[in-house]
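K.L.:
As a plain string of letters, each chain reads:
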Amino acid sequence: GAVVSQHPSWVICKSGTSVKIECRSLDFQATTMFWYRQFPKQSLMLMATSNEGSKATYEQGVEKDKFLINHASLTLSTLTVTSAHPEDSSFYICAGFRHTEAFFGQGTRLTVV
Amino acid sequence: LAKTTQPISMDSYEGQEVNITCSHNNIATNDYITWYQQFPSQGPRFIIQGYKTKVTNEVASLFIPADRKSSTLSLPRVSLSDTAVYYCLVGDIRNAGNMLTFGGGTRLMVKP
Chain D
7 GAVVSQHPSW
17 VICKSGTSVK
27 IECRSLDFQA
37 TTMFWYRQFP
47 KQSLMLMATS
57 NEGSKATYEQ
67 GVEKDKFLIN
77 HASLTLSTLT
87 VTSAHPEDSS
97 FYICAGFRHT
107 EAFFGQGTRL
117 TVV
Chain P
6 LAKTTQPISM
16 DSYEGQEVNI
26 TCSHNNIATN
36 DYITWYQQFP
46 SQGPRFIIQG
56 YKTKVTNEVA
66 SLFIPADRKS
76 STLSLPRVSL
86 SDTAVYYCLV
96 GDIRNAGNML
106 TFGGGTRLMV
116 KP
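Protein chains in written order, with the numbering used here: chain D, 7 to 119; chain P, 6 to 117.
It should be emphasised that the hints constitute simulated quantities derived from the structure, not laboratory data.
Here the structure is a predicted model, which is why all the values come from computation and not from measurement.
The beta carbon of each residue, even a glycine, is placed where N, CA and C say it ideally should be.
Any given hint could be a false lead.
Stated by the list, open to error - What follows is a list of derived Cβ distance ranges for each label pair: (1) D/H91 <-> P/T77: 39 to 45 Å; (2) P/T58 <-> D/A78: 26 to 32 Å; (3) D/S11 <-> P/N24: 31 to 37 Å; (4) D/D71 <-> P/A33: 32 to 38 Å.
Produce the entire structure from the sequences given, and follow the hints as far as they go.
P.N.:
See below:
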């Protein structure tokens, strides 16, 4: 199947700093990528949809100024958590869609201390 | 978007067949049913997808009755490594975002 690579796998940062997470589709072009957040023992919650060459679409309640999404090419989308706080600590997952199947990244465990 | 309802958790033993049922009473004509598997601290992985009747691949079978208001994922002879959360998603394949709304999922525990 297709491969979506997410980096880093885990990151620890200090409160108030920013963290960038990369999501790459390695063997297909993804005009659209999806970003999720998952808290322990909970389901995946869609945060935003990134569109290559245009602005991302954010779900209700997700602060677009805090979670900056850039989709500059057909194979790369990035999520930057700005001014991170402990409540932003979570598991972040990206996904690309090819035909009728979604391919997910490995996820990024963010811990804000 | 069609809402899905699954059991929160299920227990099984190695070697048994496991059937996980998902209810989607308001499924639309263009909606497909897709199941994903997620291990702890990993992204979900595609298992199987279908529209109606039965679909089988190397890892699972998917049974969909004629009214399509439910579907059943069947895992033959589970092993300990099948312990994971299983998600049923329903949506229009013409709209990627429509297909990727996750419900609560079913936490399957396989015991020795």
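K.L.:
Run every hint past the structure and note whether it holds.
P.N.:
Hint check results:
1. Range check, D/H91 to P/T77: Cβ separation about 42 Å, and the 39 to 45 Å hint holds.
2. Remark: the range hint 26 to 32 Å for P/T58 to D/A78 is contradicted by a beta-carbon distance near 43 Å.
3. Range check, D/S11 to P/N24: about 34 Å between beta-carbon atoms, so the 31 to 37 Å window is met.
4. For the pair D/D71 and P/A33, the supplied restraint of 32 to 38 Å holds, since their beta-carbon distance comes to about 35 Å.
Going down the numbered hints, you'll see the structure goes against just number 2.
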